[in-house]
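Trainee: Here's the letter readout for the chains.
There are 4 protein chains.
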Amino acid sequence: MPAHFGPRYIGEKTSGRYHDCTAMTVSYLTDREKLAAYLPAPFEVAEEAVVTVYYVCNKQVDWLAGHGYNMIAVNAAVVYNGEQEQLSGTYCLVIWENLTDPILVGREVQGIPKIYADIPEHSIHGGNWSCNASHFGHKIIDIAISNLEPLSAEDVAAGQQAQEGKDHPMTWRYMPAIGGFGEAAVNEPVTFPSENNFTDVWTGEGCVDWARLTWEQNPTQYHIVNALQALPVLAYLPALVTKGSTNLVLPERWTRTLR
Amino acid sequence: MPAHFGPRYIGEKTSGRYHDCTAMTVSYLTDREKLAAYLPAPFEVAEEAVVTVYYVCNKQVDWLAGHGYNMIAVNAAVVYNGEQEQLSGTYCLVIWENLTDPILVGREVQGIPKIYADIPEHSIHGGNWSCNASHFGHKIIDIAISNLEPLSAEDVAAGQQAQEGKDHPMTWRYMPAIGGFGEAAVNEPVTFPSENNFTDVWTGEGCVDWARLTWEQNPTQYHIVNALQALPVLAYLPALVTKGSTNLVLPERWTRTLR
Amino acid sequence: MPAHFGPRYIGEKTSGRYHDCTAMTVSYLTDREKLAAYLPAPFEVAEEAVVTVYYVCNKQVDWLAGHGYNMIAVNAAVVYNGEQEQLSGTYCLVIWENLTDPILVGREVQGIPKIYADIPEHSIHGGNWSCNASHFGHKIIDIAISNLEPLSAEDVAAGQQAQEGKDHPMTWRYMPAIGGFGEAAVNEPVTFPSENNFTDVWTGEGCVDWARLTWEQNPTQYHIVNALQALPVLAYLPALVTKGSTNLVLPERWTRTLR
Amino acid sequence: MPAHFGPRYIGEKTSGRYHDCTAMTVSYLTDREKLAAYLPAPFEVAEEAVVTVYYVCNKQVDWLAGHGYNMIAVNAAVVYNGEQEQLSGTYCLVIWENLTDPILVGREVQGIPKIYADIPEHSIHGGNWSCNASHFGHKIIDIAISNLEPLSAEDVAAGQQAQEGKDHPMTWRYMPAIGGFGEAAVNEPVTFPSENNFTDVWTGEGCVDWARLTWEQNPTQYHIVNALQALPVLAYLPALVTKGSTNLVLPERWTRTLR
Numbered sequence: 351m352p353a354h355f356g357p358r359y360i361g362e363k364t365s366g367r368y369h370d371c372t373a374m375t376v377s378y379l380t381d382r383e384k385l386a387a388y389l390p391a392p393f394e395v396a397e398e399a400v401v402t403v404y405y406v407c408n409k410q411v412d413w414l415a416g417h418g419y420n421m422i423a424v425n426a427a428v429v430y431n432g433e434q435e436q437l438s439g440t441y442c443l444v445i446w447e448n449l450t451d452p453i454l455v456g457r458e459v460q461g462i463p464k465i466y467a468d469i470p471e472h473s474i475h476g477g478n479w480s481c482n483a484s485h486f487g488h489k490i491i492d493i494a495i496s497n498l499e500p501l502s503a504e505d506v507a508a509g510q511q512a513q514e515g516k517d518h519p520m521t522w523r524y525m526p527a528i529g530g531f532g533e534a535a536v537n538e539p540v541t542f543p544s545e546n547n548f549t550d551v552w553t554g555e556g557c558v559d560w561a562r563l564t565w566e567q568n569p570t571q572y573h574i575v576n577a578l579q580a581l582p583v584l585a586y587l588p589a590l591v592t593k594g595s596t597n598l599v600l601p602e603r604w605t606r607t608l609r
Numbered sequence: 351m352p353a354h355f356g357p358r359y360i361g362e363k364t365s366g367r368y369h370d371c372t373a374m375t376v377s378y379l380t381d382r383e384k385l386a387a388y389l390p391a392p393f394e395v396a397e398e399a400v401v402t403v404y405y406v407c408n409k410q411v412d413w414l415a416g417h418g419y420n421m422i423a424v425n426a427a428v429v430y431n432g433e434q435e436q437l438s439g440t441y442c443l444v445i446w447e448n449l450t451d452p453i454l455v456g457r458e459v460q461g462i463p464k465i466y467a468d469i470p471e472h473s474i475h476g477g478n479w480s481c482n483a484s485h486f487g488h489k490i491i492d493i494a495i496s497n498l499e500p501l502s503a504e505d506v507a508a509g510q511q512a513q514e515g516k517d518h519p520m521t522w523r524y525m526p527a528i529g530g531f532g533e534a535a536v537n538e539p540v541t542f543p544s545e546n547n548f549t550d551v552w553t554g555e556g557c558v559d560w561a562r563l564t565w566e567q568n569p570t571q572y573h574i575v576n577a578l579q580a581l582p583v584l585a586y587l588p589a590l591v592t593k594g595s596t597n598l599v600l601p602e603r604w605t606r607t608l609r
Numbered sequence: 351m352p353a354h355f356g357p358r359y360i361g362e363k364t365s366g367r368y369h370d371c372t373a374m375t376v377s378y379l380t381d382r383e384k385l386a387a388y389l390p391a392p393f394e395v396a397e398e399a400v401v402t403v404y405y406v407c408n409k410q411v412d413w414l415a416g417h418g419y420n421m422i423a424v425n426a427a428v429v430y431n432g433e434q435e436q437l438s439g440t441y442c443l444v445i446w447e448n449l450t451d452p453i454l455v456g457r458e459v460q461g462i463p464k465i466y467a468d469i470p471e472h473s474i475h476g477g478n479w480s481c482n483a484s485h486f487g488h489k490i491i492d493i494a495i496s497n498l499e500p501l502s503a504e505d506v507a508a509g510q511q512a513q514e515g516k517d518h519p520m521t522w523r524y525m526p527a528i529g530g531f532g533e534a535a536v537n538e539p540v541t542f543p544s545e546n547n548f549t550d551v552w553t554g555e556g557c558v559d560w561a562r563l564t565w566e567q568n569p570t571q572y573h574i575v576n577a578l579q580a581l582p583v584l585a586y587l588p589a590l591v592t593k594g595s596t597n598l599v600l601p602e603r604w605t606r607t608l609r
Numbered sequence: 351m352p353a354h355f356g357p358r359y360i361g362e363k364t365s366g367r368y369h370d371c372t373a374m375t376v377s378y379l380t381d382r383e384k385l386a387a388y389l390p391a392p393f394e395v396a397e398e399a400v401v402t403v404y405y406v407c408n409k410q411v412d413w414l415a416g417h418g419y420n421m422i423a424v425n426a427a428v429v430y431n432g433e434q435e436q437l438s439g440t441y442c443l444v445i446w447e448n449l450t451d452p453i454l455v456g457r458e459v460q461g462i463p464k465i466y467a468d469i470p471e472h473s474i475h476g477g478n479w480s481c482n483a484s485h486f487g488h489k490i491i492d493i494a495i496s497n498l499e500p501l502s503a504e505d506v507a508a509g510q511q512a513q514e515g516k517d518h519p520m521t522w523r524y525m526p527a528i529g530g531f532g533e534a535a536v537n538e539p540v541t542f543p544s545e546n547n548f549t550d551v552w553t554g555e556g557c558v559d560w561a562r563l564t565w566e567q568n569p570t571q572y573h574i575v576n577a578l579q580a581l582p583v584l585a586y587l588p589a590l591v592t593k594g595s596t597n598l599v600l601p602e603r604w605t606r607t608l609r
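Residue numbers (the numbering used here), protein chains in the order written: chain H, 351 to 609; chain X, 351 to 609; chain A, 351 to 609; chain V, 351 to 609.
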């Protein structure tokens, strides 16, 4: 929308490519039952109850004419246990982004639960990486990674191969009825494949610090932040810093409803 | 979305009230055929081909815990000529807002074509009011009103009464199919009633200056801005500056599909 | 600076007037010795060791062509005990502003210690006023005022009269030597008179919540915030919310060096 | 300022290093007499009347704890023809930066005429680089570079060597008297050496597009922008895109007054 002016430009100047992506990824084990409370059936917590929080600084985005944006996403490790298909992968709990354009496309075309936050670009000082997100002036999360060690090209390739076929990105697409009451206009599990190519990977020690907020501080998101803050960090897994590129438009795989 | 954390807070602390709204409204006659090109059937251009551009500085918004935001909207004067109902009013061509939260609610719950722009608060100097909108650093529009004269309370009341029953706000709600291809998930004409109460009204002389943009400058909106820039200003109508409040939640009228 | 393009415009379109100022003022008693540590001689803590924190939302600023900005200032109640003159008033410890233009003029022309912060406009909800400041995404302060009661016009006039001659705004102007080493280029106590006219005054209960920050979070200001956070709040005085206008350019009083 | 809280942290965590600097540099020949009008004696236009406009995206800035900022600077090629020393180099006419902290330090410690603008990070699309600056929503400048070709390491080294001893960065430090009237507190020519190390250099074709502004649009800077817009572009020189690092604190050279 607006649809009456015709579609957004899609042509030779645009593509699904994000040519310059720098990411900080922090994963941790949490309480299985508490995590399960946020997964609609037939999604189930994976063998290990892992939450992954990752920040990405996206630059040289083709469909944005080379502009970029920053995001902080939260995934749960899940199995989709549908009637017709069973998939291993991640369930996107929420993504904060600091640009409205990809929020609208992600929500409406792909069903990804993207919302807005102020996300300054990450800072690097003395080998320590850090970033944060806020809304209405109130902090949502701090993320930090330190003690980075580079991963060899072989290890990167091995890691990517080990993930193949197991990392389906999934979530739940929901659009309300007109006016907000009655049966939802859209209500379905979806998968939204994309492809990451890493040129540099480091491992390190990461941590996240979720805020606890009131409705007055962040009236549209406090319940989301507080839910994530209440998921205990039982143990951190190795954190990652990566550089590379992403392609959101894959020739043979496309965002679709799960069966 | 995200829906898995439960709904946004709706309770005694919130309401549909915007307690402090300051607006600049500039209307002009344009070319009937060019305007008609953007109206999907069964919407038709009204007796006079009027475009209305209005900026609103919204403060003390209850559902945002008292925060506010700025918007610039563009309406066409139309008649809805449906099979079961015929309504006079306005067709919302586009609304730019500088806060993502109301953009998401407006699009998904009401079907209003809201998109993002940087919209600094209006400035007032020497009796001249002005405001503007930009995206990615490139100007979209400048709006100015000068030579203001206050309207008497009787004239304000008479004006509001004259509009009664004729000012249905309408637009076209569109949500794509999953992945963007195939039949749209939602595709329907809608009306979204609200109520304005004015405490102060001034009339004056207004003008708008639409930019002409390239895809490189504003890749997600340039076609919208250029379409509006191409609608000729044949004659300006009296401009308005208003102060007052707005209520988006009316007991007996609610956002609904047009029949 | 730059000076080689000639001075900023000063003419009939400009003045020292801020036509629309809304302020939240919270004062509290603190530890006399701790406060004294930040006052250079011959400034001394006043009879009562009062810290005043005030937020102002300035609009319709003439020298900014009608644009505005927000600020949060911190004053200490002091006596200036100079060789040639003795004055009662306030010592400006720091002012955060969300626009660089008045920061530069304030620092260089008047010697006021202004620095930058993100300061969203205040929010009002259910009779509660609140505002905050952050830098690099990290909170500096939260301010809140509630339980407001209007003050009568007589009380406002009486209050303003009681202050007459006792509220000299003062601070310390400091400019380093070229390159930062050696004797300072400017190093002197100053006073910067201005005039406030209040159209509405409410009293209420206020509170402030100062953050405690690391160098990594706010490398240019953490020592300032931590110093203010370490001043204990021994007792709050009545808080104020005011609306009115300000004039920075007074015909017979002007920013000057104290003797 | 504020000086009463003690100096900013300077210690082992900080330095003069900017570890990640990406720059777009566009130079052009202009009218010698028009350029000379902005150079205070004893500065003179160099053999060729060259204006250089350069954008820098600074990241991993040590004294900002790893944060960064963007700037757009304008230099004139000059000779300093003083009584005691004669230097070839550049005269800084103005620098816009999108962060207030380095503006304050640059102005007060070094005398560099830095002012504020909104400067989004550059975009890169299809081999075309572009960036822009605005203030109060009104465009100041657009910069674009295309048709980039990499420069060999030998050519980079040769270019840097050719510049050695000829590229003194200079400007005029000016601080007004208290209150703005009377003899200036500081008024002197200065040089502020720094060191750039380039890891990548490309040459290409660049262009700049200066806006023409009114006082109402940009009350604090319109005279600067209009002065630069009025300097004709007689011929563009090869444009540069560079990546590398910068060091502002050199052991044996320091910001100082010119003799």
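Since the hints were derived computationally from the structure, they do not count as laboratory data.
Take these hints with a grain of salt, some might be off.
Just so you know, same-sequence chains aren't split out, so a pair can sit in one copy or run between any two.
Calculated lysine-lysine pairs in the DSSO-like style (CA-CA distance at most 30 angstroms, straight line) [as the list claims (entries may be wrong)]: (1) K384 - K363; (2) K593 - K516; (3) K516 - K363; (4) K384 - K593; (5) K363 - K593; (6) K516 - K384.
Trainee: State for each hint whether it applies.
Mentor: Taking the hints in turn, this is what the structure says about them:
Taking CA atoms no more than 30 angstroms apart as the test, K384 paired with K363 passes between copies only; the shortest distance there is 28 angstroms, against 45 angstroms inside one copy. With identical chains, the CA atoms of K593 and K516 are at most 30 angstroms apart within one copy only, with a shortest distance of 21 angstroms there and 38 angstroms across copies. In this assembly of identical chains, the alpha carbons of K516 and K363 never lie at most 30 angstroms apart, being 33 angstroms within a copy and 43 angstroms across copies at closest. Proximity of K384 and K593 under a CA criterion of 30 angstroms is satisfied in neither setting, with 33 angstroms inside one chain copy and 47 angstroms between copies.
Taking the shortest Cα distances, K363 and K593 sit within 30 angstroms of each other both inside one copy (24 angstroms) and across copies (26 angstroms). Taking the shortest alpha-carbon separations for K516 and K384, only the intra-copy value of 23 angstroms comes in at or below 30 angstroms, while the best inter-copy value is 52 angstroms.
In this structure, the hints that do not hold are numbers 3, 4, in rising order.
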